[in-house]
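Once you have looked at the hints, place chain X on chain P.
There are 2 protein chains.
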Amino acid sequence: MRYVVIMAGGAGTRLWPLSRAGQPKQLLPIVGGRSLLRIAVDRGLALVPPENILICTNAAYIDQVAAELPEVPRANLLGEPVGRDSLNAVAWPAAVLAERDPDAVIAQLTADHVIEPLERFHAAMDEAFRVAEADPHALVTLGVVPTEPHVGYGYLHQGAPVPGYPNTVAVREFREKPSLEVARGYLASGEYWWNSGMFVWRADTLLNQVRQLLPVTYGDVIDLAQHPEKLEAIYPNLAKNSIDFAVMEPVSAGKTDAHVLAVALPIDWRDVGGYASLATILTPDGHGNSVEGLVANLDSTRNVIVNRGAAGHVVATLGCEDLVVVATPDVTLVVPVADADRIKELVAQVGGSVGAEYC
Amino acid sequence: MRYVVIMAGGAGTRLWPLSRAGQPKQLLPIVGGRSLLRIAVDRGLALVPPENILICTNAAYIDQVAAELPEVPRANLLGEPVGRDSLNAVAWPAAVLAERDPDAVIAQLTADHVIEPLERFHAAMDEAFRVAEADPHALVTLGVVPTEPHVGYGYLHQGAPVPGYPNTVAVREFREKPSLEVARGYLASGEYWWNSGMFVWRADTLLNQVRQLLPVTYGDVIDLAQHPEKLEAIYPNLAKNSIDFAVMEPVSAGKTDAHVLAVALPIDWRDVGGYASLATILTPDGHGNSVEGLVANLDSTRNVIVNRGAAGHVVATLGCEDLVVVATPDVTLVVPVADADRIKELVAQVGGSVGAEYC
Chain P
1 MRYVVIMAGG AGTRLWPLSR AGQPKQLLPI VGGRSLLRIA VDRGLALVPP ENILICTNAA
61 YIDQVAAELP EVPRANLLGE PVGRDSLNAV AWPAAVLAER DPDAVIAQLT ADHVIEPLER
121 FHAAMDEAFR VAEADPHALV TLGVVPTEPH VGYGYLHQGA PVPGYPNTVA VREFREKPSL
181 EVARGYLASG EYWWNSGMFV WRADTLLNQV RQLLPVTYGD VIDLAQHPEK LEAIYPNLAK
241 NSIDFAVMEP VSAGKTDAHV LAVALPIDWR DVGGYASLAT ILTPDGHGNS VEGLVANLDS
301 TRNVIVNRGA AGHVVATLGC EDLVVVATPD VTLVVPVADA DRIKELVAQV GGSVGAEYC
Chain X
1001 MRYVVIMAGG AGTRLWPLSR AGQPKQLLPI VGGRSLLRIA VDRGLALVPP ENILICTNAA
1061 YIDQVAAELP EVPRANLLGE PVGRDSLNAV AWPAAVLAER DPDAVIAQLT ADHVIEPLER
1121 FHAAMDEAFR VAEADPHALV TLGVVPTEPH VGYGYLHQGA PVPGYPNTVA VREFREKPSL
1181 EVARGYLASG EYWWNSGMFV WRADTLLNQV RQLLPVTYGD VIDLAQHPEK LEAIYPNLAK
1241 NSIDFAVMEP VSAGKTDAHV LAVALPIDWR DVGGYASLAT ILTPDGHGNS VEGLVANLDS
1301 TRNVIVNRGA AGHVVATLGC EDLVVVATPD VTLVVPVADA DRIKELVAQV GGSVGAEYC
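Same order as they appear, the protein sequences are chains P and X. Position 298, counted from 1, in the first sequence is what our numbering calls 298; the numbers after and before it change by one each time, with no gaps. Count along the second sequence from 1, add 1000, and you get the number used in our numbering.
The hints are simulated quantities; they were obtained by calculation from the structure and are not laboratory data. For each residue, glycine too, the CB sits at the ideal point set by N, CA and C.
Ranges between beta-carbon positions, derived for each pair:
id: 1; chain 1: P; residue 1: Lys240; chain 2: X; residue 2: Ala1021; range: 52 to 60 Å
id: 2; chain 1: P; residue 1: Ile281; chain 2: X; residue 2: Ala1060; range: 42 to 50 Å
id: 3; chain 1: X; residue 1: Glu1345; chain 2: P; residue 2: Lys240; range: 53 to 61 Å
id: 4; chain 1: X; residue 1: Ala1276; chain 2: P; residue 2: Phe245; range: 47 to 55 Å
id: 5; chain 1: P; residue 1: Arg175; chain 2: X; residue 2: Ala1356; range: 52 to 60 Å
id: 6; chain 1: P; residue 1: Ala123; chain 2: X; residue 2: Ala1356; range: 52 to 60 Å
Just chain P, with the same shape it has in the complex (with noise of 0.2 Å):
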């Protein structure tokens, strides 16, 4: 049967103070009002029905998530005691879902994205899953085709055309974050797609990787799966590795019995990982500046305000440009744009100097 396994475990400290340690950016109203984690569980949901969603997340945010995804079963939100990368965030839920259905097929989906359109996401998924359930060998990758030259993500190299599916290829290579002359190469050449870090695989064939390459995750994984009360004991000292580096790029290399498939996802496909990308989703004021909330400008152009202070709070610029403004009940924070990469060495700052618990 199908799943989604939705990861969405890191804080997001690039949008802060929007998100906090305890109010992640998953979980942040981000989109018309919706969490990007919803999002992702909405994008699932035409995929699979409710109890096929496993959510694999921080143990800290399990109660909000629970409260976010009403239809999701509590058994299906997995929540890791600490971060161990994304390997066993990956393997973790494999294991899980292989013990409940040896014939498991998992679509691997990130909650990071804004994705449209939504049919073009669901059809490539669709494919994927098809080349998984018939190919036991095949881990299954998905490749955004790129529509700029763009140094911040990794590259699948393509290789054969997979017969009998449109849209799959073989993948001839991982390419680490290019510069930008690599990747405008890359982007000439129509040979390249981004590396989504969305993948469909059987869940027996990922974890039969995972035995040749990492034998004592294996184990450890499997352990977990059987006996969930020793999740305290054993999931801190999983070795962390990242699904990437320790399964993706040794298969991909003919180092185990399967081979890396990839299909493309012809997308608008939308990190909102920072202040510069949230610009993009929210509204524009006819003056460059992105804003959200009551935002008065005076000759201010292309700047990202949000305002989710307290009600009926205004956020007023005059004369600012290229600047992050956002102002929350306990937090103002500005910025220049050109900084804003830069947000988690401030909140550093601010937890050591203010307190704690404002990060």
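Positioned in the frame of chain P, the structure of chain X alone reads:
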């Protein structure tokens, strides 16, 4: 007897959103928790007892002023139904005091400045009182000894010394705000002082000048002093005139039976008109920022950051330069220091587009 009259009229839009239509600049806690009005009255209390202090303010602020100045008799708080410029705000209290005490001598002070050291201020005021008490034809103005070629102030051209008063001279001429080049010449010559807008005179001397120069206004303010119940009928119909243009300049040009003298004020005289000047009385943070309240800065310099948000609210900046950031419970303001003199325009826009309750 000696009296002190303090003008506390304007709303102080340049300090919005700290100041509001209903919370004028002079009533804001601004220096060590004290308001500019409180500070001005404390300066006056070194010269006269509280029952000899009068405040001329907007009628809408009378209750706030009374709460701020419990020792000043309520009958000494004069509330203008509407602002009618400085001449009326000076002549009305003079008429009220002349009615109470035919020998009243008035020090007419402002509430817009931080003045240090107080000893010098008090010594100069005492000399000015003595000059006015001895010469019933003298309008005495206080001239701040300039420390820079300021183009935002009017200047006094010093004339002959007045025998017996070491710091007093005749005023040769009033000069309007000069160009920078002219101001540099004034400073280099040593012959010019800043026009402080503070004066000392006998009430009857001032009223005599008004009678000669503006007989209709004279009749109106005398009528008003004798019949306070006519306030609403008379005040709004007074002609708008400034004390400088309507009285000081013609008197200094010999148009009446009086003359203008000036006493030197060798003080540090800081106008708290807008954020640039407010910055000089806030706490320096060691990185060139002037801050008030809970503030965290990273790689930020030359900012003016005033946090008067709700209890526990934090203002955090990263990579900001030369900005004014003000947080209050209902308004957040961000404006480059260089644009801060245009805040009035922004307030007008907020009033129109968001609501007059924020102005």
